[in-house]
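Trainee: Use the sequences and the hints to build the structure in full.
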Amino acid sequence: MKISCTLNGTRIELSVPADRRVVDLLREDLGLTGTKESCGAGDCGACTILVDGESRLSCLMLAAQLEGREITTVEGLAESESVHVVQRAFAEQGAVQCGFCTPGMLLAATDLLHRNPRPSRGQIREALTGNLCRCTGYQKIVDAVDKAARLVSGDES
Amino acid sequence: MTPEGTCNSMSSESDTEAQGELITRPDLFPRNVLAIGDAAPRADAYEKATGQTKFAADYYAEDMVWAGVKRAGIPHARVAKIDTSQAEGIPGVMCVLTHRDVSGTNRQGVIRRDQPVLVDDKIRHCGDAVALVVAETRDALRKALDRITLDCPLLTPVLDAEEALEESAALVHEDNPNGNVLLKGELQTGSGDAAEQECEILVEGCFETQRQEHAYLETEAGWAQVKDDGRLEIVCSTQTPFRDRMEVADALGLEPTRVRIVVPYVGGAFGGKDGITVQSLLGLAALKSGGRPVKMWWGREESFSAGAKRHPARMYYRLGSDRSGRLHYLNVRLYLDTGPYDHLGGVVMTLGLEHAGGPYRIPNAVLKAWCVYTNNPLSGAFRGFGVTQVTAAMEQMMDLLAAKLGMDPLELRFKNAVRQGDRNCVGKTLVSSTGLTKCLEALSRMSTGKERDAWKAAAPFFKRRGVGFAALMHASGYGPVVPDFANAKVELTVRGKIRIYSGVVDMGQGNAATNVQIAAAILGQTADMFELIQPDTDRTLASGSASASRCTYTFGNALIGAAEILKNRLVQRAADLMMARKEDIALIPGGIRNLGSGRVISFSQLADFLNEDERVAVHYFRAPVAPDEIGAAPDLKLHGLPHTLFSYGAHAAWIEVDELTGELEVKKYLAVSDCGNILNPQIYEQQIQGAIAQGLGYAVSEDLLVEGGKVLNPDFFTYLIPTSADVPEIVSVPVKMYEITGPFGLKGVGEIATNGPLPALANALADACGIRIFRSPLTPERVLDALNTRNREDLE
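From first to last, the protein sequence lines stand for chains A and B. Per our numbering, the very first residue in the first sequence carries number -8; after that it's consecutive. Per our numbering, the very first residue in the second sequence carries number 314; after that it's consecutive.
Quick caveat, the hints were computed from the structure, so don't treat them as lab data. Predicted, not measured: the structure shown is a model, and the values here were computed from it. Among the hints, erroneous ones may be present.
Partial chain B-side listing against chain A, Cβ under 8 angstroms, derived [as the list claims (entries may be wrong)]:
hint	residue
1	354
2	366
3	371
4	529
5	530
6	532
7	578
8	581
9	612
10	820
11	823
12	998
13	1002
14	1028
15	1030
Every residue gets a Cβ at the ideal spot worked out from N, C-alpha and C, and that includes glycine.
Mentor: Structure representation (structure tokens):
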């Protein structure tokens, strides 16, 4: 079927089977391999993308569900030339180890900061429970989101 | 943009050449010269945080085909008929391969090569690979795998490690001279069992620990292609490229020089990729795909059922002391269920045996271990590597003993803790830095008896609080026989960058970034001056595996040598060119300055004056080994006994137990570690925190359930690894001791912290509620059950 949507700020027209999984569409058809697949069952969050600004699991979505939507993947997170504040915080705070959960984690964190610009550490932990990480023990991820929140809300520069 | 618009092509030669460009950003990586000890952001962090890093699973190509495996699904059977005819008829299926299509030995393995690429004589576990399908699409692949049928007479499965030792037990490998015993280990020190009667206090316990799944986020993946020159190129997610090359070549009947293994950044491994997963299967598929690239990517369920696990263990302990608490005697019997193949089971068992007595002086010991073949899922390397299991047992024994003595558990540990110059429980004299007592001192300052008592007394209604400890010791390296070596290469490129060639995989632990930091510190450079070539059997020099807490210790030492050689050469040649003395020349970021004249020559200018051989420096390092004769049998030595370099730690868990639900919540977790000097505090903390999180999962929730040889919970919905809400804030305190044999004083930090949580939590539970659960994990059900039993007993 024909689908039109906005992907990382660019309007695109796609011709794909309606039941193509979004994760396959992104990775295989569009070459956006920053979106990862780890469980294929909605349990781990590695394939998280933003759909109209909200985090969604691309392994549980079908292409047809993208019609008219605005989609952001990790490749589109950085606005223009600057690194996104959350990406920067992840890199600086040591929140990245193997990096396989990182794209999904970044998008889930971005979604959180949209909804709640000043989350407590507990709220950050709660918001990221859908995104599994096996390397970090989460502490530095929480540090990074905390830092990003303080930068975004202007509490810290 | 259209679906056809951007498509990644698989690596052509030019792509491979481009590999190594380090994507950094000046705003993220300040243009400061990196120094040892800087908590600098990791060199790989930016590209990973922007989704640019390509993992093995991230390659697709126009003419690529998919390969997949038919798994046995039955634990033990004689291979009779494998019917592939239906599968072959499915449109899009290129070929269906069985063992008959394998030209080599069809056997893989690290020490005992007993694991078939595709089963031939027998099926030995449910995850065994029976047939391999190569298809145009994943859809065709799935259909074909469903249509392969087996008609194989079932054999009695061997499902318990101790029962497998009985005379009447069925055999997993009929050709193994020792029946179902893969390896048996036995060690005695002092007067052995005769010392038991000299003990004034004796405690006993039998502990059972469970199977643990690695659960790396990137499942086993890779792609392979036979190149125009006839060589087989395999890009895959592995910890062991140089060993893989030999195994793949042997199994498939190729010359090792015809096989190239390339390893991009790996999406987590933890030991689960220390051994063959997709490699030979991919190689075989590529040999039959008419030159087209082949991709294989295991699904989560396949990763659970076919990949290796942490060995389940049954451990019988007897520990004796005098009335003052001085340890006198230890008797241990360990039974490890290794599943159907060697993998690294014998080595895991031997490391467990070596650490069975913990970090204590125990003059008399009888230690025995059996690593046993069964038809259960494969067990193998997993961060902690046998030490995790025995530490869980020994550290609980210490608390049992402390309770019987009426002694503070920290005091008992301190009293018996090894110091440099002591012999450990296998009789090895400790000659490397030994910081255990410093760790214990720091921990007791952070958890004084007074503080603990006050905190416990303030427990809310229906909650009990307790504090538990664990003292840790973890060896690094391969032991006395297998060469633990690394070979580093650095190059000044014609473009004036410094390129580091590393043969040791970065699976997330950050050794690639540490390599940059080491070379940068020596050469006086900023991070953006570097390029990294990740492991590639063609381009990087042979080095040992990414395992055994040895990556940075061994490769770091090699790299220091190579960087020093390059530095000397650049300084010397610049001095020649500038008609200056060597002493007048200094390296500055991007070039060299004549301090006398102020003249600067850039690296790219200097590179123009050097020929290729001059621009490259290599250095080899082989780790020191223990010369101690401790009476270990030759096969135990081969499997790694004894080691000479150890890291130490002391952990404390402050927990709260819900008496109504049995839930156990860790309120505070303290980890004091002696892992030598710290090159980058951020990367160091990552290792400690990540290992503790895995250990906490092992302690309370992770349990790979197996019934009749079959995994019952092969997904993240039923196998529970910790989430961000399950892991407490961890306080990590380093005891920075300088290990003189280490690169800038470092020791291994990768594994040790995994070993602390289970015993610390079990001891905290006993402290809180007076119950001890000898079987892990400490699930709410088990805790509640133990609380009820205790309450009933109290009533009676």
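Trainee: Against chain A, run the beta carbon of residue 581 of chain B and see if the smallest gap drops under 8 angstroms.
Mentor: Result: holds, 4 angstroms to nearest chain A Cβ.
Trainee: Let's test the interface hint: is any C-beta of chain A closer than 8 angstroms to that of residue 532 of chain B?
Mentor: holds (7 angstroms)
Trainee: Report holds or violated for the interface hint on residue 371 of chain B, using the least CB-CB distance to chain A and a cut-off of 8 angstroms.
Mentor: Given a least distance of 4 angstroms, the restraint on residue 371 of chain B holds.
Trainee: Is the interface hint for residue 998 of chain B satisfied, with its Cβ closer than 8 angstroms to some Cβ of chain A?
Mentor: Because about 7 angstroms separates residue 998 of chain B from the closest Cβ in chain A, which is inside the 8 angstroms limit, the hint holds.
Trainee: Close enough to count: is the Cβ of residue 1030 of chain B nearer than 8 angstroms to one in chain A?
Mentor: Holds, about 5 angstroms.
Trainee: Tell me if residue 529 of chain B is really an interface residue toward chain A, meaning its C-beta lies closer than 8 angstroms to one of theirs.
Mentor: holds (6 angstroms)
Trainee: Take the shortest C-beta to C-beta distance between residue 366 of chain B and chain A; is it under 8 angstroms?
Mentor: Since the shortest Cβ distance to chain A is 6 angstroms, the answer is holds.
Trainee: With 8 angstroms as the cut and Cβ atoms as the points, is residue 820 of chain B at the interface with chain A?
Mentor: holds (6 angstroms)
Trainee: Next item in the hint list is residue 823 of chain B. Is there a CB on chain A closer than 8 angstroms to its CB?
Mentor: holds (7 angstroms)
Trainee: Please verify that hint: residue 1002 of chain B, Cβ, nearest Cβ of chain A, below 8 angstroms or not.
Mentor: holds (4 angstroms)
Trainee: Should the hint that residue 354 of chain B touches chain A count as held when the rule is a Cβ pair under 8 angstroms?
Mentor: holds (5 angstroms)
Trainee: Hey, does the residue 578 of chain B contact hint survive, CB to chain A under 8 angstroms?
Mentor: The hint holds - residue 578 of chain B has a Cβ within 8 angstroms of chain A, the shortest such distance being about 7 angstroms.
In summary, the structure agrees with every hint in the numbered list given earlier.
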